[in-house]
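Top to bottom, those sequences are chains A and B. Residue numbering for the first sequence follows my numbering, starting at 1 and increasing by one per position. Residue numbering for the second sequence follows my numbering, starting at 209 and increasing by one per position.
Don't read these hints as lab results, they were simulated from the structure. Please note: incorrect hints may appear among the correct ones.
[Unchecked claim] Quick list of the computed label-pair ranges, beta carbon to beta carbon:
| hint | chain 1 | residue 1 | chain 2 | residue 2 | range |
| --- | --- | --- | --- | --- | --- |
| 1 | B | S248 | A | A46 | 37 to 45 Å |
| 2 | B | K341 | A | V207 | 48 to 56 Å |
| 3 | A | K50 | B | A337 | 25 to 33 Å |
All C-beta atoms, glycine included, are put in the ideal place defined by N, C-alpha and C.
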Amino acid sequence: MRDALFMGRMTASATHELQNILATIRESSGLMEDLLAMSSEGFAHAERFKKGLTVLAEQVERGMILTEQLNYCAHAPEGCSAGADVNESVRALVGLWRRNAARRKTTLVLAPGRTGLRTGLRAVEVMDAVAAALEAAIETLPMGTQLMVSVEEQGGLGVVRLDSPGYEALRCAPAWAELAALAKTLGIGLSGGPGGQGVVLALPKPVA
Amino acid sequence: MNAKDWKILLVDDEREFITTLAERLDLRGIPSRVAFDGESALEAIAAEEPYVVVLDVLMPGIKGLEVLERVKRTNPLVQVLLLTGHGSTRDGIEGMRLGAYDYMMKPLNIDTLIEKMESATDYAMKAAAQSGKNEGQ
Numbered sequence: 001m002r003d004a005l006f007m008g009r010m011t012a013s014a015t016h017e018l019q020n021i022l023a024t025i026r027e028s029s030g031l032m033e034d035l036l037a038m039s040s041e042g043f044a045h046a047e048r049f050k051k052g053l054t055v056l057a058e059q060v061e062r063g064m065i066l067t068e069q070l071n072y073c074a075h076a077p078e079g080c081s082a083g084a085d086v087n088e089s090v091r092a093l094v095g096l097w098r099r100n101a102a103r104r105k106t107t108l109v110l111a112p113g114r115t116g117l118r119t120g121l122r123a124v125e126v127m128d129a130v131a132a133a134l135e136a137a138i139e140t141l142p143m144g145t146q147l148m149v150s151v152e153e154q155g156g157l158g159v160v161r162l163d164s165p166g167y168e169a170l171r172c173a174p175a176w177a178e179l180a181a182l183a184k185t186l187g188i189g190l191s192g193g194p195g196g197q198g199v200v201l202a203l204p205k206p207v208a
Numbered sequence: 209m210n211a212k213d214w215k216i217l218l219v220d221d222e223r224e225f226i227t228t229l230a231e232r233l234d235l236r237g238i239p240s241r242v243a244f245d246g247e248s249a250l251e252a253i254a255a256e257e258p259y260v261v262v263l264d265v266l267m268p269g270i271k272g273l274e275v276l277e278r279v280k281r282t283n284p285l286v287q288v289l290l291l292t293g294h295g296s297t298r299d300g301i302e303g304m305r306l307g308a309y310d311y312m313m314k315p316l317n318i319d320t321l322i323e324k325m326e327s328a329t330d331y332a333m334k335a336a337a338q339s340g341k342n343e344g345q
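When you get a sec, could you build the whole thing from the sequences and use the hints?
As structure tokens, this is what we get:
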């Protein structure tokens with residue numbers, strides 16, 4: 001726990017620095033855009049420059065989203081008396097997990113989630129459990145599949161649902177044992193989704 | 209309202225970032241001054257009484273939120289626009305509670321920043337005029 005908090009503090013500090021670096025790149029490319037707009041006539045490579053600056057802006061935006069998710073992850077081991085926001089935790093995890101999924105040619109899709117749901121778990125525990133479920137699902141699904149993740153409320157509990165593959169197939173996945181053990185430790189209920197498809201993780205309520 | 213009269217102070221320890229931002233504003237006819245830390249920002253505010261301070265939250269030394277608190281105590285008419293990291297809405301919300309005019313996340317959209325600066329300057333000018341009237345009564 002102590003080492004997770006330490007690594008989190010280090011990572012949080014580095015992500016702030018990265019955000020400053022990206023903001024400086026964005027501002028400098030903005031200045032080039034401004035200057036180009038003022039003097040593009042007679043400049044043979046103006047269009048190529050504009051295209052390059054657009055790519056820079058897009059990549060900065062991509063970097064900002066990634067550092068935001070990484071920053072969330074860095075703070076995730078910290079406890080909070082109100083518990084973790086389920087939607088925020090899942091959003092950060094899915095954002096960071098996309099690259100892992102892409103290795104198996106699986107596309108993760110995050111459904112617009114139910115906001116404001118909280119759980120008594122720490123954010124890092126929510127992320128760990130959902131990552132274990134993703135691991136099991138991705139190794140079970142055929143390559144090139146789309147996997148939908150959603151955050152919902154069921155009976156007053158925050159639940160995270162993966163919509164495929166079939167629940168029974170999931171339970172046979174090598175990674176299932178790890179998910180089941182983690183769920184037991186954290187007090188997370190595991191069940192099949194509607195029609196026996198996918199898996200539902202019912203997260204414990206926040207401590208009153 | 210002429211942008212040349214806005215009296216803007218930009219504060220950030222990221223020198224390249226803030227001087228480039230000042231240059232971009234200058235290209236749009238908006239002059240500004242820059243400070244690179246909380247201490248020199250407070251000195252510049254006391255000496256020049258800008259209408260608007262664009263203030264980074266995370267700086268070494270005196271932090272942005274502390275600068276904001278002090279400014280609101282000593283120069284309450286000065287309006288502060290906070291700059292926070294992407295996703296750090298908590299600092300922005302805390303800043304609003306402490307009296308910031310508004311907050312923005314980096315990287316900035318310069319047009320949005322200018323809109324907010326114009327609105328904050330207008331508010332500060334009206335507040336200064338009102339304060340002058342009250343003192344005259």
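Comparing the hints with the structure gives:
no.	hint	verdict
1	S248/B - A46/A: 37 to 45 Å	holds (39 Å)
2	K341/B - V207/A: 48 to 56 Å	holds (54 Å)
3	K50/A - A337/B: 25 to 33 Å	violated (44 Å)
Violated hint for the displayed structure: number 3, the only one.
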